[in-house]
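Enquirer: So you can see what is in the structure, the chains are spelled out below.
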Amino acid sequence: MPDLLFEAGMEEIPARMIAAAEKELTDRIVAMLGRERLLVDSHEVHSYSTPRRLAVQVSGVLERQPDVTERMTGPASSVAFKDEKPTPAAQAFAKKAGVPVEALEKTATPKGDYVSATVTHRGRPAIEVLGDRLAAELAAIYWPKNMYWRAHKPERFVRPVRWIVAMLDHDVISVEFAGVRAGKQTFGHRILNGTQPVVIDHPDDYVGALEAAKVTADVALRRHRIRKALDQETRGIPGARWREDTALVETVTHLTEWPSVVMGTFDREYLALPEEVLVTVMRDHQKYFAVENPQGRLEPYFLAVLNTHPEESGVETIRHGNERVLRARFNDARFFWNVDQKVTLEVRVEMLKSVTFHKELGSYWDKTQANLRIARGLADTLSERGVPLDREALIKAVGCARTDLTTELVKEFTELQGIVGGLYARAQGLGETVAQAIYWQYSPAAVEDPIPPTVEGQVLGLADRIQTMVAMFGIGLEPTGSKDPFALRRAANAIVKILAESGLPLTISDLLCAVPSEGGPEIREKLLAFFRERLEFYLRDVRGFAYDVVNAVLAAGCEDVRDAIARAEALAAVRGSEDLAAISAAFKRIKNILRQATEKGIAAGATVQSNLLQEPAEQALCAEAEKLAPVVEDLRRRGEYRHALERIATLRPHVDLFFDKVMVMVVDEIVRRNRLALIAQVLSGFSSIADFSELVSAS
Amino acid sequence: MTPNPSLTYQELLLRLQNFWAERGCVLAQPYDVEVGAGTMSPDTFLRVLGPDPIAIAYTQPSRRPADGRYGENPNRLYKHTQLQVILKPPPADIQEIYLDSLEAIGIRLREHDIKFEEDNWEWPVGGAWGVGWQVMLDGLEITQFTYFQQCGGMDLDPISGEITYGLERIAAFLQDVDSIYDIVWARDPKSGRAITYREVRLQEELQLSVYNFEAADISKLWEHLRLYEAECQALLDEFRARFSPKAEKSAERHVKIHDRLVHADATPPRDEDLREALQRFPVLGAYELCLKCSHLFNLLDARGAISVTERVAVMARIRNMVVGVAKAYAAQRLGAQQQEMGAA
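Chains as they are written, first to last, in our numbering: chain B, 774 to 1472; chain R, 165 to 508.
Chain B with its partners taken away, still in its complex shape (with noise of 0.2 Å):
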């Protein structure tokens, strides 16, 4: 059974797209295959990537398709034939189905006899269907960015394409994209193996033809090779380890064909620098891992992945190479380090005024001023509530926060805004409380990330998002859909993950009382909503809780994060009861009988009269229910929600019998509004922890 390989070679692909395209074209041309019916059960499947180069390989793809013989059904027999004679619809319908008149068979169908005709169709040859269909698959791969190259065409991907193989066999398949045709030949490493083809002769050969020509075109074998290498390198150093850092391995890994390592060093008197300035140096921008000691402190040391394997007297030469870059790098950001201690932080208040936050908000000075009031708001609550909290720290850390954007060492390494705030903090004596909360002011970036570790830090963290949030919304910039370019999603899962995960006593509903005379009931109303879905997420994608968990707890309160954690814990451990299946199933039929008597316009009782109560049914559940409220508020207050939700599984028996003996909806007016009040009273009085009608039962 013949293989397939199906190679584009293109100029170099960003390596951050390269994963993503190898396995869409892989798949595409799988499915392809399995529609075209050329693929057996058994098949295999390879799939190769490099800079220049996806490759798909599949063994076990037939040599030509299935023929299918498939049954047509024409007109009716009485039709087709007269006088067992064929007529002209007859002869159209053979003619259309392919075969003789006299081929034509009957067919009785519950609606009568038909004629009918055996067609065979003849399965095509693998190598023209594949011709037909190749181009098209890569063509359609999506790339983030594409562009046009040839004059006057019409075809954008995301490089040019350069050669393309694709072979059955030993035989070339006529496939053309942008102008390439596709042979057997490829091509081999840019320097090492220059622009001499490389002839594959059967895709057997190709991983191994590749390598001669020193490519390797597997990626996780690339990958491998490259960890094996870095470890080699660093054993040289005592006691050393290359910092891991599985983003870099891949985009190293996708920038090369022929991967090695050199190690080289820099003079210690760099690592005065701090060590996020020095990692964010070589990993951002030199695409080098670092090298630390056992205690994971930095040393001096980089380990630079090469695209090639260089001679001799280029191993030195290359090492010394990066060495430079690398020195000059650090020596900009000493430059940059020293320059900007010249303005402290707290002079620098004063340059944000020239830092625009929003066109329309005002400068990120304007945004401080705005900080400032609502951390002070907030370090009131928390003190009221008994929360320990260095309140000079705070508003020092939230009045120079933003500072850093005016140094040089931001404008140069962006990525470190905050951090190099804090490292200027610590440098100019504001005090570790102060530097700790502005360092880790912009965490947690992603739901991954901790939250501060600081209260300072916590509170500066809400009060800057709260503001930036409750500004946005005021002026219409709340996100739609997938757009949200001040990724105020972002800020709110943060808000959400500090709220939950620091232990302070604050509500969203805090928060935003602590933004003065911002929005109004309308954004604020927004804002919650927008909230109570980021509350959603959390429970749900970061929690794990169950959809219907989190439905019910939020349906009874959304506004204090740390209590919907809890009551939701408490749901999720007796969710599984019979008892509260039965009372969900219970609460449901309740809140149905409720919502069709308001729909037909028949109004409950206010209250709940005993001496109306006739069935013993009803009086055991309204004396049960009257007896139980107090003990489950009780409950609900001091926070034991599981016992709350355990007490309330109690009620079961009694709901059950309620159901099972008493109709609600009687002619009987006042009989009916009497018993409306009381389910309702059921409902209402034991809803406060969760909405049990949103559980879905396990059946």
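Hints were generated in silico from the structure; no laboratory data involved.
Check before you lean on any hint, since a few could be wrong.
Claimed, not checked - Capping the alpha-carbon separation at 20 Å, the derived lysine to aspartate or glutamate pairs in DMTMM-like fashion look like this: (1) Lys1060(B) - Asp283(R); (2) Lys918(B) - Glu474(R); (3) Lys1126(B) - Asp283(R); (4) Lys957(B) - Glu928(B); (5) Lys926(B) - Asp319(R).
In this text, all values refer to a predicted model and were calculated from it rather than measured experimentally.
Take the given structure of chain B and dock chain R to it, following the hints.
Expert: The following block gives chain R in isolation, referenced to the frame of chain B:
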């Protein structure tokens, strides 16, 4: 490092120019109006428009007032020099030719690590962008390689390949010096005495840093900006009045789809005199005025004289002019081409 018979700065320049001349490039001289990058020279910014093929190479001193460091920083300059190569359409082996050019300046590629890393270019003020790479040599960015896609807000067809060498960086790398100022610019053929970059350029870096950051008269800079802008705008207004927005619009459409030019439905002026007037119109003069404005803007920026709100507004004004010029230029080229076709 191997003992390097490394090139002087001027030899580097000569070698690269020779290399590209041998591959069919016209060697242009540096443009004599201040520009912030080689791309802004009309030899790039305007010539990439329209269908006429080009192969051109030139060095371009590029001024970035805010980058000045009074000659004190070993890696940063107010005015650095680029070697710019524009090939329209780009040949299929443009990367291989580029790599050959590195060999031509003494870089033995087998002894180095070369990577093409994604780096896209854009100049929002010019409505221009392209995709491409920064070329990394042993961890040092030595070249920006761009396939121009749009210019003046118009899709390009054919597109151009642009190769921009950072000459000071490459020279410092070749000569293995840590400071730009230690680069040997030239060597006296008789005495062998080295003349350094410091001797040639330090004074200029120092004095122009002082001028840019301290001495330039802010109110006069604003005044210059206003005058240049007014003149440029007047020219553009006149262009529009005389040649109708129709010419521009049709050019805009046809810059992209060359094949349709032959069947252009909205043709530029038919009248013979008007056609000639279109070709005579000083669009290039208007472009120089744009460049003046852009440089003045950079100076004001370096002086810290532009508030954030002004910044956005002034940039929008300059963009307006630059894009207007690009469209006028495209219309002019379209007119010229149709004239040629008519003649043929």
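Enquirer: A separate judgement is required for each hint: does it hold in the structure or not?
Expert: Each hint, compared with the structure:
1. For the suggested pair Lys1060(B) and Asp283(R), the alpha carbons sit about 14 Å apart, so the restraint of at most 20 Å is met.
2. Proposed proximity of Lys918(B) and Glu474(R) is contradicted: the alpha carbons are some 32 Å apart, above 20 Å.
3. Between Lys1126(B) and Asp283(R) the alpha-carbon distance is near 33 Å, which puts this suggested pair outside the 20 Å criterion.
4. Restraint check: the Cα-Cα separation between Lys957(B) and Glu928(B) comes to about 23 Å, which exceeds 20 Å; the hinted pair is violated.
5. Straight-line distance between C-alpha atoms of Lys926(B) and Asp319(R) comes to about 13 Å, which keeps the hinted pair within the 20 Å bound.
When each numbered hint is compared with the structure, violations occur for hints 2, 3, 4.
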